[in-house]
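Asks: One letter stands for each residue in the lines below.
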Amino acid sequence: MRAGQRLPTALTGPGQHSGEDQLEVPLDKNMKILIVDDFSTMRRIIKNLLRDLGFTNTDEADDGNTALPMLKTGKYDFLVTDWNMPGMSGFDLLKAVRADENLKDLPILMVTAEAKRDQIVAAAQAGVNGYVVKPFTAAVLKEKIEKIFERIQ
Amino acid sequence: MSEDKQNSPGLDPEITSKLKEQAQALVEQVNAGDYARAMTLINDLSEVRDQSLYQEVGRLTRSLHEAIRNFQIQPQNPEQQEALSKMSDASDRLQYVVEMTGKAANRTMDLVEDAMPRANAMCEQARSLRDDWQRLRRREMAPSEFRELYGRIDRFFESLADDAEKMYTDLSEILLAQDFQDLTGQVIQKVTALVKEVEENLLSLVVMASHVDQLTGTVHELKEKESSIKGEGPQMRAAERSDVVSGQDDVDDLLSSLGF
Numbered sequence: 233m234r235a236g237q238r239l240p241t242a243l244t245g246p247g248q249h250s251g252e253d254q255l256e257v258p259l260d261k262n263m264k265i266l267i268v269d270d271f272s273t274m275r276r277i278i279k280n281l282l283r284d285l286g287f288t289n290t291d292e293a294d295d296g297n298t299a300l301p302m303l304k305t306g307k308y309d310f311l312v313t314d315w316n317m318p319g320m321s322g323f324d325l326l327k328a329v330r331a332d333e334n335l336k337d338l339p340i341l342m343v344t345a346e347a348k349r350d351q352i353v354a355a356a357q358a359g360v361n362g363y364v365v366k367p368f369t370a371a372v373l374k375e376k377i378e379k380i381f382e383r384i385q
Numbered sequence: 034m035s036e037d038k039q040n041s042p043g044l045d046p047e048i049t050s051k052l053k054e055q056a057q058a059l060v061e062q063v064n065a066g067d068y069a070r071a072m073t074l075i076n077d078l079s080e081v082r083d084q085s086l087y088q089e090v091g092r093l094t095r096s097l098h099e100a101i102r103n104f105q106i107q108p109q110n111p112e113q114q115e116a117l118s119k120m121s122d123a124s125d126r127l128q129y130v131v132e133m134t135g136k137a138a139n140r141t142m143d144l145v146e147d148a149m150p151r152a153n154a155m156c157e158q159a160r161s162l163r164d165d166w167q168r169l170r171r172r173e174m175a176p177s178e179f180r181e182l183y184g185r186i187d188r189f190f191e192s193l194a195d196d197a198e199k200m201y202t203d204l205s206e207i208l209l210a211q212d213f214q215d216l217t218g219q220v221i222q223k224v225t226a227l228v229k230e231v232e233e234n235l236l237s238l239v240v241m242a243s244h245v246d247q248l249t250g251t252v253h254e255l256k257e258k259e260s261s262i263k264g265e266g267p268q269m270r271a272a273e274r275s276d277v278v279s280g281q282d283d284v285d286d287l288l289s290s291l292g293f
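So the sequence lines, in the order shown, correspond to chains R and P. Take any residue in the first sequence, note its place counting from 1, add 232, and you have its number in the numbering used here. Take any residue in the second sequence, note its place counting from 1, add 33, and you have its number in the numbering used here.
Keep in mind that the hints are not guaranteed to be accurate.
Capping the alpha-carbon separation at 25 angstroms, the derived lysine-lysine pairs in DSS-like fashion look like this [stated by the list, open to error]:
1) 279/R to 264/R
2) 261/R to 279/R
3) 348/R to 261/R
4) 366/R to 264/R
5) 366/R to 199/P
6) 336/R to 136/P
7) 229/P to 136/P
8) 307/R to 348/R
9) 348/R to 263/P
10) 264/R to 336/R
11) 279/R to 53/P
12) 264/R to 307/R
13) 327/R to 307/R
14) 307/R to 261/R
15) 136/P to 366/R
16) 263/P to 327/R
17) 264/R to 348/R
18) 304/R to 327/R
If you are wondering where the hints come from, they were derived from the structure by calculation, not from laboratory data. Remember, it's a predicted structure, so these values are computed and weren't measured experimentally.
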């Protein structure tokens with residue numbers, strides 16, 4: 233993918249330049265996002281979906297353990313993470329981020345296959361800003377991201 | 034006949050009827066005050082227990098031995114031997130599935146990322162040409178512009194044919210990339226069969242072990258209940274469980290009902 237090349241979105245089809253494929257909430261398209269998942273195929277899918285929404289400034293990590301130091305030094309504006317990961321789980325990562333003085337207000341979206349009610353409630357109580365269950369659609373991802381930043385602004 | 038007894042939940046009927054007999058006799062002797070006879074009976078009861086204990090442990094050991102032997106899959110011919118030696122372990126097989134599905138997903142995404150910009154470009158060109166064509170039809174176009182349009186349309190048809198062909202190739206390759214499903218399906222079925230076999234063997238071992246427990250009067254502590262927030266991975270029968278949500282709508286409802 234070369235920089236500046238416009239890609240069609242999964243939602244509206246090719247070639248449309250109308251406002252529909254842009255987010256309703258005015259967000260900084262240069263927002264720095266960290267994508268954390270132990271499966272590289274899922275990281276790639278999320279990266280592509282974010283790019284379709286206009287976010288090209290993305291980094292990846294394959295575990296909570298590798299993500300946490302990146303978050304501490306990397307000045308990220310948004311974290312998208314899975315739950316189940318072999319080293320440090322997304323849930324533990326969430327708690328660690330909320331416990332860090334410099335990171336506690338970082339917007340966090342969980343994208344995960346974990347669907348037990350107790351888990352969803354635990355994540356919400358630990359301070360997650362949004363929770364998306366797999367399999368998900370591009371529309372759901374877009375909606376949840378908008379909702380998170382709507383609340384913040 | 035002893036095979037049937039191995040799988041029943043209780044002890045050998047021979048043993049239980051002897052136990053009943055001797056227990057009754059013991060009670061009679063004690064009530065009659067014949068303590069010497071009672072003690073002898075207790076010894077006899079003990080012997081019955083010991084004998085059955087040895088029998089059950091013997092069965093257990095033999096079955097354990099059988100089970101271990103059964104886990105070795107015997108290849109039928111040299112080709113199978115070779116195949117098995119490449120992926121003989123169940124976890125190797127499943128790792129293979131993970132790799133194959135990962136490769137197929139990445140290959141498909143590569144092809145999609147190749148095709149999408151081409152589709153987009155085609156669409157934009159077609160729209161731009163259509164807009165100019167409409168102007169021409171409304172006689173809003175100067176002759177020099179028309180000559181330019183003429184050339185653009187010509188070039189467009191050429192590139193359209195070219196691009197469409199390339200896209201068709203991409204789509205065919207995407208179709209082929211789905212071939213992993215057949216191979217991974219076969220491997221998974223083999224692992225499922227292996228797991229069933231292991232499960233059956235373990236089950237009969239557990240039943241025998243419980244016989245031994247009964248004979249020695251051993252009671253096991255129950256394992257601590259697992260944490261309710263431990264991850265279980267993707268849910269397959271969400272509709273049948275009340276502690277699991279069935280989709281994004283359920284998640285949203287749950288969170289908003291709690292004020293999140």
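Asks: For a C-alpha distance cap of 25 angstroms, please report whether residue 348/R and residue 263/P respect it.
Replies: holds, 9 angstroms
Asks: Does the structure keep residue 348/R and residue 261/R at a Cα separation of 25 angstroms or less?
Replies: Not satisfied, since the Cα-Cα distance of roughly 33 angstroms exceeds 25 angstroms.
Asks: Is residue 261/R close enough to residue 279/R, meaning Cα to Cα at most 25 angstroms?
Replies: Holds, because 14 angstroms separates the two Cα atoms, which is no more than 25 angstroms.
Asks: Would you check the hint for residue 264/R and residue 348/R, treating anything up to 25 angstroms between C-alpha atoms as holding?
Replies: violated, 30 angstroms
Asks: Between residue 307/R and residue 348/R, does the CA-CA distance stay at or below 25 angstroms?
Replies: violated, 32 angstroms
Asks: Tell me if the straight-line CA distance from residue 336/R to residue 136/P falls inside 25 angstroms.
Replies: Between residue 336/R and residue 136/P the Cα gap is close to 37 angstroms, so the pair fails against 25 angstroms, i.e. violated.
Asks: For a C-alpha distance cap of 25 angstroms, please report whether residue 304/R and residue 327/R respect it.
Replies: holds, 14 angstroms
Asks: Decide if the proposed pair is consistent with the structure: residue 279/R and residue 53/P, CA atoms, cutoff 25 angstroms inclusive.
Replies: violated, 72 angstroms
Asks: Can you confirm whether the C-alpha distance between residue 279/R and residue 264/R stays at or below 25 angstroms?
Replies: Within the cut-off at roughly 12 angstroms; holds.
Asks: Holds or violated: residue 366/R with residue 264/R, Cα cutoff 25 angstroms?
Replies: holds, 23 angstroms
Asks: Is the straight-line distance between the alpha-carbon of residue 327/R and that of residue 307/R 25 angstroms or less?
Replies: Since the Cα atoms of residue 327/R and residue 307/R sit roughly 18 angstroms apart, the hinted pair holds (cutoff 25 angstroms).
Asks: Would the hint linking residue 366/R and residue 199/P be met if the CA-CA limit is 25 angstroms?
Replies: At roughly 32 angstroms apart (the allowed maximum being 25 angstroms), residue 199/P and residue 366/R break the hint.
When the structure is compared with the earlier hints, violations turn up for hints 3, 5, 6, 7, 8, 11, 17 and for no others.
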